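> In our numbering, the protein residues as written are 17 to 458.
Please keep in mind that the hints were generated in silico from the structure rather than gathered at the bench. Values in this document were obtained by computation on a predicted structure and should not be read as measured data. Keep in mind that a hint or two might mislead.
Claimed, not checked - Straight-line Cα separation of at most 16 Å, EDC-like style, residue types lysine to aspartate or glutamate; simulated pairs: (1) K251 x E347; (2) K250 x E160; (3) K296 x D271; (4) K421 x E160.
What the hints assert, rightly or not - Using C-beta positions, here's what the derived DEER-type ranges look like: (5) V433 x L157: 53 to 63 Å; (6) V433 x Y220: 55 to 65 Å; (7) L221 x L286: 14 to 24 Å; (8) S408 x D271: 54 to 64 Å; (9) V327 x L445: 35 to 45 Å; (10) L445 x Y85: 26 to 36 Å.
Idealized CB from N, CA, C, for every residue including glycine.
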Amino acid sequence: MDNLKALFPDAVPDYSFDTRKKFMRSEDLPKLSDAVPDRKIVENKEALPNVKCKWGNRHLERFISRYVYMYRQKPSEYRTEMLEQFKQVAHENGVKLPKPSEMPANKPKQRIICEAVRANNEDEVKTYKAYYDGENVVAYLPGENKCAHRDVRPRTMWDDAFDAVYKQLLAFPEYDPRGKTKDERAELRGRMEIELVRQLRELYLYDDSVENEACVMFVERKLYNVFMAYNERKKRFYRKKDQVKWTCWWTITYDDKLFNSEEAFRKKLLTCFRNLAFRKKWRIMGVFEHGEENGRLHFHGFFYIPAGSEVGELVNVSRPSAKRGWQNYKENTYFKENFGVNKYEAIDAGTNQGLTDYANYTTKMLHYMDKGERVFYSRHISLEFLLELKTSELVVAFSITHKRKINQYVVWSGAIVKTDLALERKYPLPTQGSDPPTAAAA
């Protein structure tokens, strides 16, 4: 281009390449004084303070980040309406929204970074919190994964209003997320968000100019908290499930001949579980749900029953089912006499069939959780255990980045042994002045 300009200065116009990836003449480019303020709205993926806006930096950054996310969604009625809501709030609060050319480019995010733990000259011993994730023992240092910014807000009348409207919407079939794909659930969430904003403004008179945050941002924050709370419950479920070597899966059915109401059945059964956990060291986790076949209340759950602490006897029974025909299974006499029909299924995790059954039972439990059922946990089912570990016993260090960075470590399998209910060291750490354990002892 430079050579052509030197030879034919009048024939070749002065073209430049702007941020929009289009060729433009120099005289058509925006002036520097006009372009710089626009590009300063977002810098290094962070929103810069706006002179006309009274919001704080984090509030402004969150608002612009949500606007950019919404702008990049597929064209839909939900996207159009939400963008109009954002533009209206931005105009009322003096917020300058970024243009498409100013929005930061989407870059692939590296969620997990793994690296080998380098052995130091000094083999340090520290107290870690450790848990079994189904394949490996994972440990982390207590206090190392603290959140840098915790958004704690006092509960207001608007939180109660949101809970009331959200509960009403979930009762409608069109807002039921079960059986839908990922894209369909995202569209469902968008329609729910629009309806929540509309009802809070029209029925509860939510006023953006009076409240600390706009209604669209309030609803977005509350929905995010709802889904994150569910994810935390699911994480807790997986964590507790993996720490115990379960011996059986049990289904116990409500019998209206033994109880006057379902509530009486729930209360007596859970009291029985708590007594068995305290007196006989049972471990139980499960959920109540109404069966799809006849609508009758059931309890489904994992059970750990130590040897010699059984109650009643197991007998073989055969009963008809309208959905599955005649079924042959084992039933416990104690639970049959006190609670009703029950189905006992042993779990042998040492076989391929046992592992398959274990995975199927886990899927069932998650399905019941998706239906809104709460999981019952008996006492003394641990989330993690305190272990003394040496640096040399940490094999891999990995960090997970989402809202904050979380550092964790994979522990050498030769150092830890998993019992039925806990994680323990395979051999004790040497005390100061004693000889280290030999390879045979390890």
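> Hints first: check each against the structure and report whether it holds.
To see whether the hints hold, each was checked on the structure:
no.	hint	verdict
1	K251 x E347	32 Å, violated
2	K250 x E160	23 Å, violated
3	K296 x D271	25 Å, violated
4	K421 x E160	10 Å, holds
5	V433 x L157: 53 to 63 Å	22 Å, violated
6	V433 x Y220: 55 to 65 Å	57 Å, holds
7	L221 x L286: 14 to 24 Å	42 Å, violated
8	S408 x D271: 54 to 64 Å	58 Å, holds
9	V327 x L445: 35 to 45 Å	40 Å, holds
10	L445 x Y85: 26 to 36 Å	49 Å, violated
Of the hints listed earlier, those the structure fails to meet are numbers 1, 2, 3, 5, 7 and 10, in rising order.
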